[in-house]
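So the sequences go chain by chain: W and P. Under the UniProt record's numbering, the letters of the first sequence match residues 1 to 601, in that order. Under the UniProt record's numbering, the letters of the second sequence match residues 1 to 601, in that order.
Treat the hints as calculated values from the structure; they're not laboratory data. It is possible that part of the hints are untrue.
Just so you know, same-sequence chains aren't split out, so a pair can sit in one copy or run between any two.
Simulated crosslink set (DMTMM-like; lysine to aspartate or glutamate; CA at most 25 Å straight-line) [what the hints assert, rightly or not]:
#1 K77 <-> E64
#2 K77 <-> E97
#3 K335 <-> D594
#4 K455 <-> E64
#5 K74 <-> E424
#6 K283 <-> E500
#7 K74 <-> E593
#8 K225 <-> D10
#9 K469 <-> E45
#10 K335 <-> D219
#11 K465 <-> E52
#12 K493 <-> E255
#13 K473 <-> D16
#14 K74 <-> E64
#15 K465 <-> D240
#16 K473 <-> E382
#17 K455 <-> D204
#18 K225 <-> D338
#19 K485 <-> D144
#20 K77 <-> E255
#21 K77 <-> E497
#22 K147 <-> D204
#23 K74 <-> E489
None of these values were measured; they are calculated from a predicted model.
Number of protein chains: 2
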Amino acid sequence: MPDYQAPLRDLRFVMDEMLDFPAHYARLPGGEEASPDVVNAILAEGARFTREVLLPLNQSGDREGCLLEGGEVKAPKGFKEAYRQYVEGGWPSLSAEPEFGGQGLPHSLGMVLSEMICATNLAWGMYPGLSHGAADALRHHGSDEQKASYLTKLVEGVWTGTMCLTEPHCGTDLGLIKTRAVPTGDGAYEISGTKIFISAGEHDLAENIVHLVLAKLPDAPEGSKGISLFVVPKFLPDADGNPGERNGVTCGSLEHKMGIHGNATCVMNFDAARGFLVGPPNKGLACMFTMMNVARIGVGIQGLGLMEASFQNALAYARDRLQMRALSGAREPAKPADPIIVHPDVRRMLLTQKAFAEGGRMLVMYTAKLVDLVEHDQDAAERERAEALLGLLTPVVKAFLTEVGFEATNEGVQVLGGHGFIREWGMEQFVRDARITRLYEGTTGVQALDLLGRKVLMSQGETLKLFTKEIHKFCQAKAGDPALKEFIEPLAKLNAEWGELTMEVGMKAMHDREEVGAASVDFLMYSGYVTLAYLWARAAKQAQRSLGGDEDAFYKAKLDTARFFYQRLLPRTRAHAQMIQAGAASLMTISAEDFGLGFEI
Amino acid sequence: MPDYQAPLRDLRFVMDEMLDFPAHYARLPGGEEASPDVVNAILAEGARFTREVLLPLNQSGDREGCLLEGGEVKAPKGFKEAYRQYVEGGWPSLSAEPEFGGQGLPHSLGMVLSEMICATNLAWGMYPGLSHGAADALRHHGSDEQKASYLTKLVEGVWTGTMCLTEPHCGTDLGLIKTRAVPTGDGAYEISGTKIFISAGEHDLAENIVHLVLAKLPDAPEGSKGISLFVVPKFLPDADGNPGERNGVTCGSLEHKMGIHGNATCVMNFDAARGFLVGPPNKGLACMFTMMNVARIGVGIQGLGLMEASFQNALAYARDRLQMRALSGAREPAKPADPIIVHPDVRRMLLTQKAFAEGGRMLVMYTAKLVDLVEHDQDAAERERAEALLGLLTPVVKAFLTEVGFEATNEGVQVLGGHGFIREWGMEQFVRDARITRLYEGTTGVQALDLLGRKVLMSQGETLKLFTKEIHKFCQAKAGDPALKEFIEPLAKLNAEWGELTMEVGMKAMHDREEVGAASVDFLMYSGYVTLAYLWARAAKQAQRSLGGDEDAFYKAKLDTARFFYQRLLPRTRAHAQMIQAGAASLMTISAEDFGLGFEI
């Protein structure tokens, strides 16, 4: 069975040494509660909870899956009890507002906990995970009454939430939805329609489920401008706010899927279910994006958690498994063979996992700081800057960390050879679970269009400049440091090229809009590598500065990993840059019919 | 359920138009039987058999898996009947020698059929698939008596074969095996030990199973120089050659795995089983490589088959699914949205699948021709040249086609979005099935060491030069053709760089052997891209020449795909070249202990 230890030392490096979270928390309104002692205690307890409670249920949950019987869904054995402990431990309310029963700690802390949950049991983590987005949507767009009825329960964790967007004929293109909302005359609506792929749509972990549902009003305009958001509880709250009458929303069936077997992926039927409008009519898409952006960062963290879990177990195997001698001569002559970690290609795979996981952690925590600032900073200009950067980085966190997350979990399988393919070892489950992260809450292609089209080009490159200027300043400040030259020089070059490539695509897109889509995914991956290069350079600077104490091994390993990233992963930007420049013609010339001429008769 | 049509038109292009198989068969001893009419009839019948018989059992086999009861394994429903039809159709004997009951057709023909089998039902295909390697080992190294007893039955298909190499503590490092062979005094041996990961080790498709087993003689030297090969039948042949006494070899358990559920992956226990030495004592590794090389090419073909299957189904979905409008304006205004094949990024994914599948087919058929020549060419020098090239390309076929096969099947999932993750659509099964191909018969890392270490550097680069000279000649011959400039120029440059990179690594390796392992996988991937670039340039030349007839759409699509390969996939060589040059230090500096300092307490 795979093991897992929360990377507490690495988190301390990223949070305390690299990104100065103690100072960040100290100046954050409400952040003063998050003293270093409190933070360390929370992380240690999170590490214990996830390792002792969630990890043992990961493989069994995968094997068992969920069961639908008489309209009720049973989660795998132990999931309900683990959720009870989670609620009792006060985890759901960690970073929620005190006015709704939350503990008011910074959001960034919740994101750290998220990584541990995803690393130990992604399928379980999705039951409480979806509640965050639902709560956020209600907090920002709900009426006071809705907040009182639903938000407090979600914060407490006794109820969970869902996001009901996708329908059989549409996922990305929500303008096509058919679910209808008809006013009942008493201020409520009757919601009717079918939603699919609803994670945690029905289950036995909590006493009630709060669905946030996109539907169309009778007089709604066509397309995405005619979508409204509704809250539709499984049980309608009674006069005391407890679950009362059963509402007309039921689980029609469960999907059989490649991974996350322990999570119930439901077809949800709304049959004149009673719902309540959230936010203004026909403005549902904007409300939905409140949930969606939270969820997207959450999915990026899933990628991170899975790579760390896969890395730790591949490392243990590589140290243990004896096979062949080192090419340069036996390392452990007394043993029948050397442990495979002596082989350069095994190290290449492990370092790929390590560099992506640790770099991913820096990216997540860098983004987490922005989330805190957007929510709580007193200065409007600072808030605005944080919001712009967060908007820019959200698709990168979501898509880049899940793309490399899938690669890294696959390297974990590869380190184990044939054993990696066998269920018992648990390595292939990380791959199957990771596969969904490239798809849900918007595929990589959708994130890439959001990044290049909406975030970068629609702002005339201004949003990107906010970030490249920060990198530029960092490079300038460190330009004279010979110990950092190996990082700063290539970083400065890439940072400049990032802007040039953007200009080039922008110019082409003025003549042909398809150029945006043609360059988008390579642009996103390129952006991810440059972003991680910036963060790895900062990590190297920090490690360099800390050498000479009694943790030299840690800082040297950090520097080695930074070097590996620069020498062995960053060259991929050479390919992506060329592909960004390749242009739309290489994709658009062939006709849809002619694609199949090799096999169609 | 996924559909599949054998790519007969594309095969005609590759075999007849591009690689001139009709002339190849005409001059091949025994090849005269393979007239164009016969070849076409065989391919058409293979297309029918695989689509009508094997394809419908692919998803059900995956769901059902194999069952072990009372030591007997039941394959999924329908598998046995399909195998009966396969034997009745004479497929097992297609390219086997007439002296052993074979039809004597060229091996290359069997390889084409293999692609169709892997595309429609990989798990099923592995039951007869392993027989080829076993038959080859017996043909090359078996005694006349062994040939009479076992080979004829394998050729006929009434018995199947296995390769029993791996043990719990060793896979790659076969020098460590513990299975023992003790002489019985009557010329036979008692084989005792445990083998794992034995594909088709036990099943109900055939009346007997012929295991080829690596074991150690009592006086065997240490390590890989002390391995011998034995044939161990499940039932010992009686006086009439029919299955007689049950031998002491049994299936201890079945592995639960990520994919190929329909194939029985067995733990095989040899308990003083009666076995017979194949080839000379202690020379088992050489005999084993006879099987292994056949099997490795077979695995490359698995990668090819799976990408083609995934491509065809992703294409069908992309033409059908309506979602969003084209960025440059609606293409099908009458419909609620445009089919997703209008979106450039969807096209990028489809073209990636198409370019790898069609390019992979060219590589397989180029290699298939070499297999024919090695087996049958009358001219010793020509045979030797073919053997050297085949040795060079075998690890490329195996590892490159399975690496890009995994990527391409994943692109297939990605085209379907969330639906790709759902079992019912069948796209995720291609990914799970493809995952094993990067592992078995030697992982990608093992193939890469074979390529760079054994094939390229041990021959002082001479073997590689055989191939780069051929590419060089092709480039020189076409240098003046302006219509081919976009292919020939980059190809010539890459071809030269291939030699330079080899020299560079070779020089470094003289000082530090670890440089070979450090560069190996990137070198293999680089080699794969250049090889496909050569073949795509030849395809472009052929297509260019054929324009102006009534199949212009086909040839234009071929040219478009060649362009896509050059503009959108070949740039990856820029990354691999840099990583080849990165050197061993980027991997070897960090100590095995320090890898885990971020999480280990």
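Using 25 Å as the alpha-carbon threshold, which applies to K225 and D10: within, between, both, or neither?
Classified as neither: same-chain Cα gap 45 Å, cross-chain 46 Å, threshold 25 Å.
Between copies, within a copy, both or neither: which fits K465 and D240 at Cα up to 25 Å?
Neither way: K465 and D240 sit 52 Å apart in one copy and 83 Å across, limit 25 Å.
K335 and D219: within-copy, between-copy, both or neither at 25 Å Cα
between (77 Å within a copy, 21 Å between copies)
Could you place K225 and D338 in one of the four classes (within, between, both, neither) given a Cα distance threshold of 25 Å?
between (63 Å within a copy, 18 Å between copies)
Checking an output row: K77 and E255, CA cutoff 25 Å. Within, between, both or neither?
both (19 Å within a copy, 24 Å between copies)
At most 25 Å between C-alpha atoms: does K493 with E255 qualify within a copy, between copies, both, or neither?
neither (47 Å within a copy, 50 Å between copies)
Intra- versus inter-copy proximity for E593 and K74 (alpha-carbon distance at most 25 Å):
neither (46 Å within a copy, 43 Å between copies)
Alpha-carbon proximity between K455 and D204, which holds within one copy, between copies, both or neither at 25 Å:
neither (40 Å within a copy, 59 Å between copies)
Have a look at K74 and E424 and pick one of within, between, both or neither, based on CA distance no larger than 25 Å.
Answer is both; intra-copy 24 Å and inter-copy 22 Å each pass.
Tell me, please, which holds for K485 and D144 at an alpha-carbon limit of 25 Å: within, between, both or neither?
neither (56 Å within a copy, 69 Å between copies)
Go through the copies and call it for K77 and E497: within, between, both or neither, with a Cα cutoff of 25 Å.
Classified as neither; 52 Å inside a copy, 58 Å across copies.
Same-copy or cross-copy closeness of K455 to E64 [CA-CA at most 25 Å]
Cα proximity of K455 and E64: none, with 42 Å in one copy and 47 Å across.
Violated hints for the displayed structure, listed by number in ascending order: 2, 4, 6, 7, 8, 9, 11, 12, 15, 17, 19, 21, 23.
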